[in-house]
Amino acid sequence: MRGLRQYSGIVLPDIHNAPRCGRGARRFQPFASSLRAAQYAPPQGTSLMTGEPLPHRTARTAFAMPSPRSLVQALFLLIVCVIGYRFHVFVASLADPSAVVAPRPAGVDAFLPISSLMGLIHWIRTGAPNTVHPAGLVLFILIVATALLARRGFCSWVCPIGTISEFLHKAGKRLLGTNLDVPKWIDYPAKGLKYILLGFFLYFILPLPGQALEAFLNAPYNRLADVKMYLFFSNISRTALFVIAALALLSVFIKNFWCRYLCPYGALLGIAALFSPVAVRRNKSACRNCGRCARACPQAIAVDKKGRVNSPECMACYSCVKACPAAGALRVETAPGRRPVTEGLYAALIAAAFLATPVLANAFGYWHSDTTPQGYRQLYAIIGNIQHPRTGGVGADTAMPMGGHGTMAPHGSMDAPHGAMPPGHGGMDGEFELPPGAKPEMCPGMNPDSPLADELEEARRRLDEKKSRKDSAPGMREQKADEPL
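The opening residue of the sequence shown carries number 1494 in the working numbering; numbering runs sequentially from there.
In short, the hints are calculated from the structure, not lab data. Keep in mind that a hint or two might mislead.
Calculated lysine-lysine pairs in the DSBU-like style (CA-CA distance at most 30 Å, straight line) [claimed, not checked]:
no., residue 1, residue 2
1, K1684, K1798
2, K1666, K1677
3, K1799, K1663
4, K1799, K1677
Ranges of calculated distance between the beta carbons of each label pair, as one might list FRET restraints [as the list claims (entries may be wrong)]:
no., residue 1, residue 2, range
5, A1820, M1558, 14 to 22 Å
6, P1700, S1563, 40 to 48 Å
7, Y1688, K1777, 29 to 37 Å
8, P1702, S1961, 31 to 39 Å
9, I1679, F1857, 42 to 50 Å
10, A1845, P1559, 17 to 25 Å
All values derive from a computational prediction rather than experimental measurement. Just so it is clear, CB atoms sit at the ideal spot from N, CA and C, and this is done for glycine as well.
Work out the full structure: start from the sequences and follow the hints.
Structure below.
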């Protein structure tokens, strides 16, 4: 029919082909312009710039409902905050001899991955699981198992460092409009740094025999590794604060800076994930080669160039899948042609695994440390003199009496920062320091009948002998009788 044009099922007047109606048509010029704009506008629901379909927005999606991964991240970040607060209360109760020792949250063991790795190697070699930080061993095995079965889901779904890092680079993109695109000639070599750090730890841990591992795991230093770590951050130095601030600032400009380049834990999980059956698969026939998936990947993986993304850097974050505009082009699958693993299903599996495992471990009696509250208080009283095994001091050549035996391992965990100590508890270079005439039982919270008291007395005797040798050396002035040690 002349003068009519069909648009999206609606018949509209054809402005160009419609017959002119003389001067009276000028009155309807605005109406005609609107019709002309409607005729040449792209179909509803498509991008004005590219013509590609836009996500369908309903009354619910218009309010930006959080994704399943965001909900899981928020849940575990909240759990970590609760654990951190409870651990703060626990350490504060140790510092007050008159207070009852507060319950220690076993989940804090998750922040001791090196000690947990040593515990796993010790279990494999001796067949006896260590009971100093059992929760750490349980969570370490769970995290590695999830990487073997379902990629690095821990890194992008559970890990609080990964969540904070993602928040920082998203905030940077919102403020600056974009994140820095690291050149490939820098990105690829830099990703190898975390594997070098992992190799450094394995180089010192793997050669240790089972007896040396057991001695270290039962030593006072390892028993208080979590407390030392807490004291390190609660009394943080300027240097450490500068390093943390620099990492946070770099994470604002570069996506997942810590996770991509420096995290040795992620390097270990990436190696394990190479054997995972779960992976992102690209349907080449459905792919538009737009490159959106590669740009959305926080690990800078070239998803648009791969058929199956089996990179150790993949964290199963579903960013590439959600960014893909072509239906069915990208799917997370266990095998070609099988039912895809949706983001909701993956969220349910990850959350169930990390929520149910602690409950089961506690039910089987392998979750809480065998160090008693009184044992923690006795060790806390001398924590400033408990140094790393390689530096001497209490615990340098003897294991903790509570469950430990044998000799100290020549190399040990690096979970707790070296030299962390609370105010008022001195000690340097592994030397045990007590006031003149003081006895071990004078330490706050010290039980005089404890086997640890004998160790303290022996440590003082060795210190006296060492100072006597220094004073008698040529060129040293004689110490006055009334001069304190």
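Tested hints:
{"no.": "1", "hint": "K1684 - K1798", "in the structure": "19 Å, holds"}
{"no.": "2", "hint": "K1666 - K1677", "in the structure": "20 Å, holds"}
{"no.": "3", "hint": "K1799 - K1663", "in the structure": "26 Å, holds"}
{"no.": "4", "hint": "K1799 - K1677", "in the structure": "17 Å, holds"}
{"no.": "5", "hint": "A1820 - M1558: 14 to 22 Å", "in the structure": "20 Å, holds"}
{"no.": "6", "hint": "P1700 - S1563: 40 to 48 Å", "in the structure": "43 Å, holds"}
{"no.": "7", "hint": "Y1688 - K1777: 29 to 37 Å", "in the structure": "31 Å, holds"}
{"no.": "8", "hint": "P1702 - S1961: 31 to 39 Å", "in the structure": "36 Å, holds"}
{"no.": "9", "hint": "I1679 - F1857: 42 to 50 Å", "in the structure": "48 Å, holds"}
{"no.": "10", "hint": "A1845 - P1559: 17 to 25 Å", "in the structure": "19 Å, holds"}
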